[in-house]
Amino acid sequence: MKKKLMSVLLAAALVSSVLAGCGGAAPQASSEASASEESSGQAAFKIGGIGPTTGAAAIYGSDVRDAITIAVDEINAAGGINGYPIEYKFEDDEHNAEKAINAYNTLKDWGMQLLVGTVTSAPCIAVSEKTKEDNMFQLTPSGTAVNCVQYDNAFRVCFSDPNQGSASADYIAGNASLKDKKIAIIYDSSTEYSTGIHDSFVAKAGELSLDIVSDTSFTTDSATDFSVQLQTAKDAAAELLFLPIYYTEASLILQQADGMGYAPVFFGVDGMDGILGVENFDTSLAEGVYLLTPFSATADDELTVNFVKKFNDMTGHIPNQFGADAYDALYAIKAVAEAQNVTPDMSVSDICEAMKKGMVEIELTGVLTSPAAITWTAAGEPNKDPRAVIIENSEYVLAE
Amino acid sequence: MLNFLTYLVNGISLGSIYAIIALGYTMVYGIAKMLNFAHGDVIMIGSYLIYTFMVTGGVNPLLSVLLAMVCCTVLGIVTEKVAYKPLRGASSSLAVLITAIGVSYLLQNLALLIFTANPKSFSPVITWEGISLFDGELRIQGVTIVTIITSLIVLVCLQLFINRTRQGQAMIAVSEDKGAAALMGINVNNTISLTFAIGSGLAAVAGALLCSAYPNLTPYTGAMPGIKAFVAAVLGGIGSIPGAMIGGLTLGVIESLSKRYISTQLADAIVFSILIIVLLVRPTGLLGKKIQEKV
Chain A
0 MKKKLMSVLL AAALVSSVLA GCGGAAPQAS SEASASEESS GQAAFKIGGI GPTTGAAAIY
60 GSDVRDAITI AVDEINAAGG INGYPIEYKF EDDEHNAEKA INAYNTLKDW GMQLLVGTVT
120 SAPCIAVSEK TKEDNMFQLT PSGTAVNCVQ YDNAFRVCFS DPNQGSASAD YIAGNASLKD
180 KKIAIIYDSS TEYSTGIHDS FVAKAGELSL DIVSDTSFTT DSATDFSVQL QTAKDAAAEL
240 LFLPIYYTEA SLILQQADGM GYAPVFFGVD GMDGILGVEN FDTSLAEGVY LLTPFSATAD
300 DELTVNFVKK FNDMTGHIPN QFGADAYDAL YAIKAVAEAQ NVTPDMSVSD ICEAMKKGMV
360 EIELTGVLTS PAAITWTAAG EPNKDPRAVI IENSEYVLAE
Chain B
0 MLNFLTYLVN GISLGSIYAI IALGYTMVYG IAKMLNFAHG DVIMIGSYLI YTFMVTGGVN
60 PLLSVLLAMV CCTVLGIVTE KVAYKPLRGA SSSLAVLITA IGVSYLLQNL ALLIFTANPK
120 SFSPVITWEG ISLFDGELRI QGVTIVTIIT SLIVLVCLQL FINRTRQGQA MIAVSEDKGA
180 AALMGINVNN TISLTFAIGS GLAAVAGALL CSAYPNLTPY TGAMPGIKAF VAAVLGGIGS
240 IPGAMIGGLT LGVIESLSKR YISTQLADAI VFSILIIVLL VRPTGLLGKK IQEKV
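For the record, the sequence lines run as chains A and B.
So for the first sequence, numbering that gives the first Met the number 0 puts the first residue at 0; every next one is plus one.
So for the second sequence, numbering that gives the first Met the number 0 puts the first residue at 0; every next one is plus one.
The shape of chain A in the complex, shown without the other chains (with noise of 0.2 Å):
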C-alpha cells in the first residue's frame, strides 16, 4: 500500500509541474486590476525586465538582465525619470515561450508598467500578443525576428533578422577581400532567427552576384554533428562559411572545422557575439571570425568606457551587444518619458500611448552607435549603422 501511494504521489507531482506551465495564464483579469491600485499607491515607474538567465541561451539573459540593473541604478542616482525613481524587476524564461508567458503573468501581478524585452525571439513573439491585449509598452533589446515587434506598441533596440542578413551580404561585398569569396552557409532550420537571417541573406547576395555554392542546414536536434555540412562546403571548395546562428553551436562548427582540416573565413552575426565567453574554449580558433554586431565594447567614446567598466566591476566580464542593447533601451525609455511627461500614476494603457508616440521622435545617442544616434521608425525598426568586427587576439576589434 505504502508503494503504492507512493508511486501515486510521484506521478501526480510530475503531472501538476507539467500542468502548472498552462495555469498560469489564468489570473489574468484580477492581476490587471491589483496592478493599476498598486502603482497608484507608490511613486515609481516599475519596469519589469524577461529573458533567459538559465538554459541555453542563458549568456544573452544574464548580460541584459545585468545591464538594466546598472541603468536603473544610474538613472536613479541622477535623479530617475521625471523625478520619479525606477522599480526593476527580472524574471527568468529560459528561452521559452510559454516560461515567458508565465513570467509576464508574474510580472503584471508584480504592477509592472513597462517592459524591456523579451530578449530572445520566440519568447518575445509569445510576449507581444499578451502586451498587445493589455496594451503595454514593450521595448525589446534584442528580439531580431520580424514578428516580434508586430504590433505598434512594441518596438525593439537590436536590428531585425532581415536586416543582419542584407547587411552582412552588403559587407561581404563590399570588402575587397571578401567580396570574390565561394561562399557556403550553415544554418539552423529550426529557429526562426537563423532561417530569417539566411533566407534576407540569400535574397541579397542574389541581387549582388555574390557567389553562395553550398547551403546547408540542421535543427535544434541534430545540433551536434555538423560534419556532413562542413565536408558538403569543403567539397564545393567555399572559402567563407556564412554562420547566421548562435555561438554554443559555432563554437562547434569551428572546433569540427578545425578537426577535419577546413580552414574558410567564418562569418557570423550577433548570435555568434559571446563565442569568446565559452569555458574552456581554444579561443585560436576564433582567430580571423568576422562578425556582424553593433555593439564593440571596445570603441573609446567615454559612453562606452562607462558602461564597460562598470560592467566589468559587477559581473567579471565585458559585455557582450544583448548587455549593451539593453543599456540603451533603458535610457530610450527615460528619454521618451521625459519628453512625453509620463508619470507613474498614468495607467499602463496611457503610458503606452504617449511612449508609442514618442518612441519616434527622440534621438538616443547611446553605447551601441555612439558619437551617431539612434532613431526609430513606427514600425519600431531602429536606424542605425551595423558594425563588423573582427577576433583578433582573443578580442573583438573594429573591422575597417
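There's no promise every hint is true.
[Claimed, not checked] So, partial list: chain A residues that the calculated Cβ filter (under 7 Å) puts toward chain B:
#1 D214
#2 T215
#3 S216
#4 L251
#5 E278
#6 N340
[Claimed, not checked] A short, non-exhaustive set of chain A residues, derived as facing chain B with CB atoms under 8 Å:
#7 I58
#8 D234
#9 F280
[As the list claims (entries may be wrong)] Some residues of chain B that are not near chain A, with every Cβ distance over 10 Å (derived):
#10 K80
#11 L111
#12 F133
#13 A179
#14 V277
Hints were generated in silico from the structure; no laboratory data involved.
Since we're looking at a predicted model, the values are computed, not measured.
Glycine is no exception: its CB is placed at the ideal position from the N, C-alpha and C atoms.
Since the structure of chain A is provided, determine the placement of chain B on it from the hints.
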C-alpha cells in the same frame, strides 16, 4: 567514390557514439525491463565530472574517466534504490517510466544549478589525431577509432559477463522471470542494482567519448544523443547487446548519408521513417528475439 567514403566514415563516427550509448540503454532494458530515460543525463553528469576532474582539478585524463565511472556507478545505484526500486511492485510499469523522466529532469536541473547553463568546451580525452588515407583526402579521427574499439571491447565483455559468470546468469534469470529467480535463491534486488551500476559506469565512458567527439558541454548535452541512442537500441532490437551496436552504426550512417544525398533538413525525418519501416517488418528490431506470447 572517395567522396562517398568520407561521408560513410562521418556516419560511422556518429554511429559509434550512438552505439556506445545504446549499449547502456539496452543493458538496463534487457535485464530490468525498464526504459531508463535518465541514461542520457547520467552521461551528461559523467561528462561534467570528467571535465571537473580534468580541467579544474588537473587530473590525468584516463584517471578522470575512471573516477567519473566510479561516481556514475554510485549515482546509478542510488537512483535505482531511491527512485525505481520502491516502484518495482507497482501495478503498472508506466509509473517507473514516468519516474525515469522525472529523474532525467532532476539531473538536468541539478547540473544547471551546479554547473550553470554557460556551455563549457570539453578538452578531448583522446588527443590522437587519427589516420589519414589517400594523401590526406580521407581523415579518420582518433576519437572515432577509439570509440569503435571501446564499443567492441564493451560488447565482448558484456557478452562474456552475462553468459559466463554466475552474476550474469542471475541477470538472465531475473530478466526472464523475477518471481522464479527469487525462488531459485537469486537476490533480485542486488542483481538489478548491479545492472544499473554497470549501465551507469558505461555512461561515464560514453560521456567521455561523446564529449571528445562533440566538445560542447551543457546540462542538455546528454538529452538528444540519449533519445537517438534509444532509437538505435530499438532499431537493433532492444535488449540485444550486439543489436545495440549494429543499430547505432546503422542509424549514424543513414543519418550522414541522407544529410548528404537527400537533404539536411529531412535527415531526421528519414532516420525515423526507416525506424518505423523496420519495426513494421520486424517488430522486435534487427536482432531482437521473437517473443511468443503465452495464452
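Right, here's what the structure says about each hint:
A cut of 7 Å between beta carbons decides the hint on D214(A): the least distance to chain B is about 9 Å, and the hint is violated. Checking T215(A) against chain B by beta carbon gives a least distance of about 4 Å; that is within 7 Å, so the hint holds. A distance limit of 7 Å between C-beta atoms decides the matter here; for S216(A) the minimum to chain B is near 5 Å, and the interface restraint holds. The restraint placing L251(A) at the interface with chain B holds, with a minimum CB-CB distance near 5 Å, inside the 7 Å limit.
The interface hint given for E278(A) holds, since its Cβ lies 4 Å from the closest Cβ of chain B, which is under the 7 Å cut-off. Checking N340(A) against chain B: minimum C-beta separation of about 41 Å lies over 7 Å; hint violated. Checking I58(A) against chain B: minimum C-beta separation of about 6 Å stays under 8 Å; hint holds. Checking D234(A) against chain B by beta carbon gives a least distance of about 6 Å; that is within 8 Å, so the hint holds.
Annotation: interface hint on F280(A) holds; nearest CB of chain B at approximately 4 Å, less than 8 Å. For K80(B), the requirement that its beta carbon stay farther than 10 Å from each beta carbon of chain A is met, with the minimum near 13 Å. With a least beta-carbon separation of about 6 Å from chain A, L111(B) fails to lie farther than 10 Å from that chain, contradicting its non-interface assignment. Every C-beta of chain A lies more than 10 Å from that of F133(B), the closest at about 13 Å, which supports listing it as non-interface.
With a least beta-carbon separation of about 22 Å from chain A, A179(B) lies farther than 10 Å from that chain, consistent with its non-interface assignment. Every CB of chain A lies more than 10 Å from the CB of V277(B), the least distance being 20 Å, so the non-interface label holds.
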